[in-house]
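**Q** Keeping the supplied structure of chain A fixed, place chain B upon it in accordance with the hints.
Which chain is which? The protein sequence lines are A and B, in order. Anchor point for the first sequence: position 100 equals 100 in this note's numbering, and the numbering is continuous, going up by one each time. Anchor point for the second sequence: position 314 equals 314 in this note's numbering, and the numbering is continuous, going up by one each time.
Worth flagging that the hints you see were computed from the coordinates, not collected in a lab. Predicted model only: the values in this text are computed from it and were never measured. Wrong hints could be hidden among the right ones.
[To be verified] Which bits of chain A does chain B cover? Going by a derived footprint, with three or more residues having C-beta under 8 angstroms, they are: (1) 50 to 56; (2) 73 to 87; (3) 90 to 101.
[To be verified] What follows is a set of in silico ranges between Cβ atoms, one per label pair, in the way DEER data are often shown: (4) B:E101 <-> A:G32: 33 to 43 angstroms; (5) A:G32 <-> B:N136: 46 to 56 angstroms; (6) A:G32 <-> B:A387: 28 to 38 angstroms.
Note that beta-carbon positions come from the ideal geometry of N, C-alpha and C, so glycine has one too.
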Amino acid sequence: MSTALPAWHIKMLLIPCPWCGERDEVEFRYGGEAHISRADAATVDDATWADYLYMRNNPKGLFAERWVHQLGCRRWFNVLRDTVSHRIIAVYKIGEPPPPGSLPAGSHGGDP
Amino acid sequence: MQRYSFAALARQALKGHRGWRPLWRKATPKPRYRVVIIGGGGHGLATAYYLAKEHGIHDVAVLEKGAIGLGNTGRNTTIIRSNYLWDESARIYEHSLQLWEGLSVELNFNLMLSQRGVLNLAHTLADVREAVRRVNANRLNGIDGEWLEPDAVKRFCPILNIDSGVRYPVLGATLQRRGGVARHDAVAWGYARAADARGVDIIENCEVTAIRTSGGRVGEIETTRGTIFADKVAICAAGHSSVLAAMAGVRLPLQSHPLQALVSEPVKPVLDCVVMSNTVHVYVSQSDKGELVMGAGIDAFNSYAQRGSFHIIEAQIAAALELFPIFSRLKMLRSWGGIVDVAPDASPIIGKLPVSGLYLNGGWGTGGFKATPGAGHVFAHTIANDAPHPLAAPFALERFTSGALVDEHGAAGVAH
Numbered sequence: 001m002s003t004a005l006p007a008w009h010i011k012m013l014l015i016p017c018p019w020c021g022e023r024d025e026v027e028f029r030y031g032g033e034a035h036i037s038r039a040d041a042a043t044v045d046d047a048t049w050a051d052y053l054y055m056r057n058n059p060k061g062l063f064a065e066r067w068v069h070q071l072g073c074r075r076w077f078n079v080l081r082d083t084v085s086h087r088i089i090a091v092y093k094i095g096e097p098p099p100p101g102s103l104p105a106g107s108h109g110g111d112p
Numbered sequence: 001m002q003r004y005s006f007a008a009l010a011r012q013a014l015k016g017h018r019g020w021r022p023l024w025r026k027a028t029p030k031p032r033y034r035v036v037i038i039g040g041g042g043h044g045l046a047t048a049y050y051l052a053k054e055h056g057i058h059d060v061a062v063l064e065k066g067a068i069g070l071g072n073t074g075r076n077t078t079i080i081r082s083n084y085l086w087d088e089s090a091r092i093y094e095h096s097l098q099l100w101e102g103l104s105v106e107l108n109f110n111l112m113l114s115q116r117g118v119l120n121l122a123h124t125l126a127d128v129r130e131a132v133r134r135v136n137a138n139r140l141n142g143i144d145g146e147w148l149e150p151d152a153v154k155r156f157c158p159i160l161n162i163d164s165g166v167r168y169p170v171l172g173a174t175l176q177r178r179g180g181v182a183r184h185d186a187v188a189w190g191y192a193r194a195a196d197a198r199g200v201d202i203i204e205n206c207e208v209t210a211i212r213t214s215g216g217r218v219g220e221i222e223t224t225r226g227t228i229f230a231d232k233v234a235i236c237a238a239g240h241s242s243v244l245a246a247m248a249g250v251r252l253p254l255q256s257h258p259l260q261a262l263v264s265e266p267v268k269p270v271l272d273c274v275v276m277s278n279t280v281h282v283y284v285s286q287s288d289k290g291e292l293v294m295g296a297g298i299d300a301f302n303s304y305a306q307r308g309s310f311h312i313i314e315a316q317i318a319a320a321l322e323l324f325p326i327f328s329r330l331k332m333l334r335s336w337g338g339i340v341d342v343a344p345d346a347s348p349i350i351g352k353l354p355v356s357g358l359y360l361n362g363g364w365g366t367g368g369f370k371a372t373p374g375a376g377h378v379f380a381h382t383i384a385n386d387a388p389h390p391l392a393a394p395f396a397l398e399r400f401t402s403g404a405l406v407d408e409h410g411a412a413g414v415a416h
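For reference, chain B alone in the conformation it holds in the complex:
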């Protein structure tokens, strides 16, 4: 792997920057692999990286139906935090946040992690009670969290309107200072480069069309680039988990919905934190280019169209303008949609499926980006050992039969 450093930059500068190599090889599929990961987003690439790094499994292929970084990895609003309510969620999201904190160094790739603080606003008495409870739960789990009264919120984010006369006034906010944003496609590129350097084949433009099983075990995978045999198959295809699981005859408790986001024209630095509101429903941060990055809600209906209805954006902009009247003259440059698969308890499904050798990491709903390193880490452990990582165990598919759901509707950023 070509390492990046100041010295490398200086050497390349002298050679006219003609010596930089591609981040990963354009691999062609081999007929057989020990592990095939379906989905070349951040989660799939992280899984491949940790399989190679922590478990010595290098005979791995990552199949991506499009190009790396163009799926949900490049469509989210890049927010990272770990302030979830229940112990099970707090542990896995905090595990992920701690991995984020060392990841740029570990991957030798600048992920532009910016721990600028995440505010979650409360607008009603019920919001306040839920938020204070969540801060207390976070602190009991060793996760940083603070409750801010409205004047403290205003000091932390001066452009926020805390006027008590609006329809949903700001009654306070939780603040996680270690939360923030990272550059989302850099995460995919960084993991792809590091996994490739450890021998993982990253195969783009390779869509899975069938997963064959025999005697309750996975076998051949049919793809648009030929048949591949795999000892273990790991589904890591956010939005399309149900479609892939159904190829192996497995039913999941997931429904796929469009989730929309949009960015404004670039402006001077005006917002130096992340602001989220579940109640009026908007979340916003400012990118290093100066664009405001805003997330909207999900469309209620099932869809795989990667676009949503316009009234969702209308409602979200109305909420944004009540919170930030200063944005009223901004033009929006573009909007897009990604497909998220949502579970009934707003928690992911990580673990073994009823078919031997078949694994799933999916159902992250509207908040999978922040979990990229942690999910990849525990999923790789689950695949390598054919047994769930302790942090992943509560998120097994069996919880829907046992009834031990992990209800995170309050902490998930988007109401389902």
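Pulled out of the complex, with its shape left as it was, chain A reads as follows:
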């Protein structure tokens, strides 16, 4: 977990957009947790629907999340980021799973 700059020096996230490269955080909008599949409202029970609609992983550590390059290419993508160090571990496209080897053994990027 070493970074080129000391933690106090990092004022803002630098996010590597898969299409445009590394840009300042202010060009992006946050999209929350990634890899949530839509439940079928017509068939599931209330608890399952509530889980899909409201319940979220909120880990202290690695988190798979969505960002959109709002003031750039306006495309969505996934980011695997550490919520304590803010270090970005991996960036990958929508619909793809986290790159193999990017997560520690036994983790799938969503456990709080």
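**A** Coordinates of chain B only, in the frame set by chain A:
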């Protein structure tokens, strides 16, 4: 408990102030408690105090991973008000405000409560409609509230710029005169001292690492200071609610974000009320030391880092300077961040969790400080009776399944 009074002060003065005792014992954890409260902030300590005082439960431990008063209790901007829109919120925040009003006397500890009035500014037609509606809703709930036109706002807060030529002019404001500020760490210290005097163990530097369950019931808690068995476990750890609930296998509808604040160099008295604006996003008051205390917004992304991005502060200072051009030469002394956990409806979660004997008071988002006494009071009732206090019932976790959300995005001080 060593009571504070003028006579006590005089006696100590004669003895060179060598007789003052620490506010609470440095307790070491016992192997078993009736109730263990995780989190030694204002909310957790208030819960312990009311468990002992109102429900006769003295066998209580409060586990704090750091030191008392250094978490979110010491990081907020100390604003107290109860002008929330919906009946459910109005009742619990007003319950809290009424407890604040008698709390310094009750705890025999000066909380420096200053009911100097809270202005919530309106900058757009939509703001005006929402604000007037909220004042009317408050008054129907017996909560003081007034709508002020721009010239009345200017009279109440003369340094505020109400020029109509700015990007977001002040079109009016709601005023709650009973709102104000209190000294935030004194609240934690006062409750800690009073709870300790009633037999509660306050255990600092004790981080919970695991919550074990068996047969759908809580059991042992693993901590950095050993294993503790508890009949009931109450999570009261703002910002980290999800992390602790996950230890017991419970998922919550919360996301943790950094919320930043900053203070200026101290200046002569210039601002004698609290000014808040949701639309341009800044809230500011002046401390008794003379520092301007300013709150910023939350970072959109999830984080547990207790620091936020600088562009959030830039936007907040820009808003502050448009409202208060007089502050333009002030230097900011320091800034910091705290981690807040935010629910989808900007309302807290208070109540039982799906694991028997496990309770949660969390999700207060950006506005938990004002609720400290009220939340502790209703949470203690909920734990002691294993059933929600009537004021807490609407804030149970089940509301996310039933759909009965309490949407307070308008009244919450910080846009989510």
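**Q** Take the hints in turn and mark each one as holding or not.
**A** A quick look at each hint next to the structure:
1. 50 to 56: Coverage by chain B holds here, the residue count being 6 at a Cβ distance below 8 angstroms.
2. 73 to 87: With 5 residues in contact (Cβ-Cβ under 8 angstroms with chain B), the coverage given for the segment 73 to 87 of chain A holds.
3. 90 to 101: Not satisfied, violated; 0 residues make the cut.
4. B:E101 <-> A:G32: 33 to 43 angstroms: holds (39 angstroms)
5. A:G32 <-> B:N136: 46 to 56 angstroms: About 35 angstroms separates the Cβ atoms of A:G32 and B:N136, which means 46 to 56 angstroms is violated.
6. A:G32 <-> B:A387: 28 to 38 angstroms: holds (34 angstroms)
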